[in-house]
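Colleague: Residues per chain are reported as follows:
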Amino acid sequence: MQNGDQHYSMEDETYTDIDGKAISLECQSHSGFCREFTVSSAKVSIGRVMAYTCAVWLSAYIIFFVTENTAVLSSAIIITLVGMMVRIHFVKVDHETLLIIGSLGVQVSSSYASGRESTDFIEMGKIKDIVINEAIHMQTVIYYLCILLKDPSDPEAVSSVVPLFQSSKPRLNCLVKVYKSCQEILAKC
Amino acid sequence: MVLKIFFPQCCNKADSGLLVGRWIPGQNSAVVLAVIHYPFIPGQVKQYIQQVESVCVLTFLSSPWFRWYIQQVESLCSFLRDLSTIFPQGQWLQLSREMGKIGFRCHVLTRDPREKDKVIFIHYEQRKVMLSQLHPIDNGVPDPQTESQLPQVFGTVCQSEPLFFLDKYDDGPVKMTHWQSEGREGSIIVELMKQASTPVCLLTTWMLTLWTSLCSSRILNMRPMRFISSKLSTCVQLSYRTEHLQTVCSPTRATAHNHFMRKANIFVSFFVDVSLGLLLVSWMYRENRIGKLANTLVPAADYVAKELEELLQWLMGAPAGLKMNRALDQVLGRFFLYHIHLWISYIHLMSPFVEMILWYVGLSACLGLTFALSLLSDITALLTFHIYCFYVYGARLYCMTVYGLSSLWRLFRGKKWNVLRQRVDSCSYDLDQLFIGTLLFTILLFLLPTTALYYLVFTLLRLVVVMFQGVLHLSVDFINSFPLFAMGLRLFRSYRLAEGVKFRVLCEEPGTPLHLMMDINPLKVSSVVQTYRTPTYSCYPKDSWLALCKKLFLGELIYPWRHKTTKID
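Just so you know, the sequences run in chain order A and B.
The numbering used here puts the first residue of the first sequence at 1, with every later residue one more than the last.
The numbering used here puts the first residue of the second sequence at 1, with every later residue one more than the last.
Next up, chain A with everything else stripped away, as it sits in the complex (with noise of 0.2 Å):
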C-alpha cells in the first residue's frame, strides 16, 4: 500500500467475463477525486502457442514430403512468427484500465501483450454520464459500461457512446462496483 493511495483488489470475489475465464479488478484510489480500474485478463497461454506451432509446422513437413518443395517449410516458419508477432501486438489485450479524474475526464486505455498503449482521454465537459447497457452479442444478452457523450448542438441528447473494457467483457457484479465508484465520482463535480 503507498501513502496516501488506496489500494485493494477484490480477493474475496473471483470475476469471469462472459465466455466464463477468470480475469482479475483491482481499484486504486489516488484521491477523493481520482480512482483508476484496471481488469486484466488471462496472458498468452504457452500451451495454445506450442499447439498451433506444432499443428502449423506438422503440416508443412507433410506437404514437403508430398512436393519436396523447401519453399513450403520457409513459409511455414515465416507465416508463423509473423502470426505470433501480429497478434501479440496488435490482437492480444493484456489488461485495460480506467482512469477517472473529477472535473477534468475520463482516461481510457489498453495494454497489449507486447507492451503497446493505446490511450484515449474524454473531457468531462463532453461527457453526460457513465451508464451500465445491455447488449445482444451472438445468442445471449450481455452487459457492458458506456461512456455517454454530449452532443454539442443539443446539450439533452446524447451523440455517441464510448463502449469500455471491450476486450475483457467483465460480467455484470464486477461492472456495477466500477459503475458505483464512477458514479461517486461524477455526482461530486
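Keep in mind that the hints are not guaranteed to be accurate.
Said to hold, decoys possible - As a list, the in silico DSS-like pairs of lysine-lysine whose alpha-carbon atoms are at most 27 Å apart: (1) A:Lys150 <-> B:Lys502; (2) B:Lys128 <-> A:Lys128; (3) A:Lys180 <-> A:Lys128; (4) B:Lys502 <-> A:Lys43; (5) A:Lys92 <-> B:Lys502; (6) A:Lys188 <-> B:Lys118; (7) A:Lys126 <-> B:Lys128; (8) A:Lys150 <-> A:Lys177; (9) B:Lys502 <-> A:Lys188.
Keep in mind the hints are simulated off the structure, nothing from the lab.
Given the structure of chain A, go ahead and fit chain B onto it with the hints provided.
Modeller: Below, chain B alone, put in the same frame as chain A:
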C-alpha cells in the same frame, strides 16, 4: 469546484518567485507559463508581461527559506497588500514545497473567505506543448465560452511565445525560468536556409510566371492543342507540378498550420520525386540502355500487330467452334486487317527516328519519377492506338445492332417508344411497315453473334490496356498526394501532431494535492495520411461496377478512368 493548475516541468527546479500565466475562464483552471525570480521591481514586471495578452500574475511560489525571510522582515499579509496594489486580482495562491518532499502544496489566500478548494496539479512539458498542434484543427475563431479546456491550454502556451524570448543570459529587467531559459534554441542550417530561401523563391516565382505566360500564349491555346494536351497525361502532370511549385515558392510565409504543412509536404514530395527521377535517368542512360529500349520498341509493335492478325484470321474462321456469318465476317476481318497494315506501315516509317525521339524525351524524366511514369502511360496509349480504334469500331457496330434490335423488337410486339412521355406505348403499324420491320429484325438477330464476338474480343483487349494505364496513373497519384513530411514528423517528432493528451498519476504523499503528468498522445498514422493528403486530380473509376457492366452490355463507349478538372479538398 476543483482548481486545476497546469505547471511546466521546467519550473520545478525554480526556487521561489512570482508565477505568471493565464486563468482559463469558465474552467476553473490556470496555466502557469514562467516563474519570475526575486528580486524584481513589480512595475517592470507588469510592463513586461503586458506585452502578451491575457497573461497575468497568478501566484507565488515560496520555498521554506523565503517564508522565513518574509516572517523576519515583514508579515505575509503586508507583502501581499503591496503586490495587490500593483497586480490587482481577487485570488492569490501560494505554492510551497516542503523539504524532502516532491509534491507541491497549495494554499488559497484570498481576501474573500471561501471554502477549501481541492487542487489538481497537472505537470506538462512546455517545449512539447508549445510545438505541438492539436487535431482536429479548428479553422475558425473559437468562442472562448464553449471551447473545451485542452485547446485553450495549448493555445495559451503557443500564443505566449514573446514571453519566452528572454533567457537567463540576457540582462533584462526580469529574470525568468521557462523552457527556453537555458538559452534560445536555434539551428545554423535552418537560419542559413531561411536567408537563402528568399532569393531562391523570387527566382523560381519569376521563372514560373515566365513559363505560365508561355503556356497561355495564343498558339498553344488553339482548340486542337488544348484537346491533345488534356488527353496526354504528361501535360496534365506538368501543369499540376507547376501549380505545386507556385504554392511552395510563394514569397509570403505560411502562418496557419495547415498551410505550412501543405507547403512542406509538397516540397518534400517534389524533392523525393526529382531525386528518384534522376536516379532512374542515370540508370537508364548508363550502358546505353535507352538505345536498347528504343531498338526493342519497333519489334514489339510488330509482334503485337502479328498477334492481332493471327487473332483476326482465327475470328474469320470458326472461332471456338462457333459458326459465323460468312459474308459479314469476311468484311469485318478484311477491314481490320487493312487497318493493321496501315498502322504497321506508319510505325516502320517512323522507326529511324524512334531512338532519337526516345533519347530526348527520356531526358524529361529528370523532372521526376511521376513524369517518367506519365510518359510510359502516354507511349503505351500511342502504340496501342489501333486497339483503341478497333474497340471503337466494334463498339459502335454492336451498339447500333443492339439499339436496332430493341426498337424492332418493340415493333414486332406492336409497341413504340414515346419520346415525349419517355415510355413504351402501343402503336398500330401498317402492314408494309410490319413486314419490313420483321425482315430487318430477323437479319439483325442472325448477324448479332458475329458483331457480338468482334465486340467482345476488342473490348477485352482495350480493357487490358486501360488497366495497365490505370495502374500507372494510380502510382503517379500516390506519389503526388502522399504526405511525406507529415509522415516523417509523425515518426520522428511524434509530439508535434497531437490527437489528445494522456495522464499519468505521479507519486504522491499525504497532505499534498493530486499530481498528474500530462503527455501528448500522438495522432494515429491513418489520421495523418487522411488529414494531410495533398488534394489531387484523383484517379478513380467514374462508374460503379454495375453501371460499367450495363454500359458494356449495351455497347456504349467506356472511359473508365476520369480525371477531375477541379481539385477535391
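Colleague: Under the criterion that the straight-line Cα-Cα distance not exceed 27 Å, is the pair A:Lys150, B:Lys502 satisfied?
Modeller: It holds: about 21 Å lies between the C-alpha atoms, which stays within 27 Å.
Colleague: Regarding the pair A:Lys188 and B:Lys118, is the alpha-carbon distance no greater than 27 Å?
Modeller: Between A:Lys188 and B:Lys118 the Cα gap is close to 12 Å, so the pair holds against 27 Å.
Colleague: Please work out if B:Lys128 and A:Lys128 have their alpha carbons no farther apart than 27 Å.
Modeller: violated, 31 Å
Colleague: With a cut-off of 27 Å on the C-alpha distance, tell me whether B:Lys502 and A:Lys43 pass.
Modeller: holds, 25 Å
Colleague: Assess, step by step, whether the Cα of B:Lys502 is no farther than 27 Å from the Cα of A:Lys188, and give holds or violated.
Modeller: Distance ~23 Å between B:Lys502 and A:Lys188 Cα, so the pair holds.
Colleague: Would you check the hint for A:Lys92 and B:Lys502, treating anything up to 27 Å between C-alpha atoms as holding?
Modeller: With Cα atoms ~22 Å apart, A:Lys92 and B:Lys502 stay inside 27 Å; holds.
Colleague: Between A:Lys180 and A:Lys128, does the CA-CA distance stay at or below 27 Å?
Modeller: holds, 16 Å
Colleague: Taken at face value, is the distance from the CA of A:Lys177 to the CA of A:Lys150 at most 27 Å?
Modeller: Distance of about 24 Å is within 27 Å: holds.
Colleague: Would you mind confirming whether the straight-line C-alpha gap from A:Lys126 to B:Lys128 stays at or under 27 Å?
Modeller: holds, 25 Å
In terms of the numbered hints stated before, the structure departs from hint 2 and from no other.
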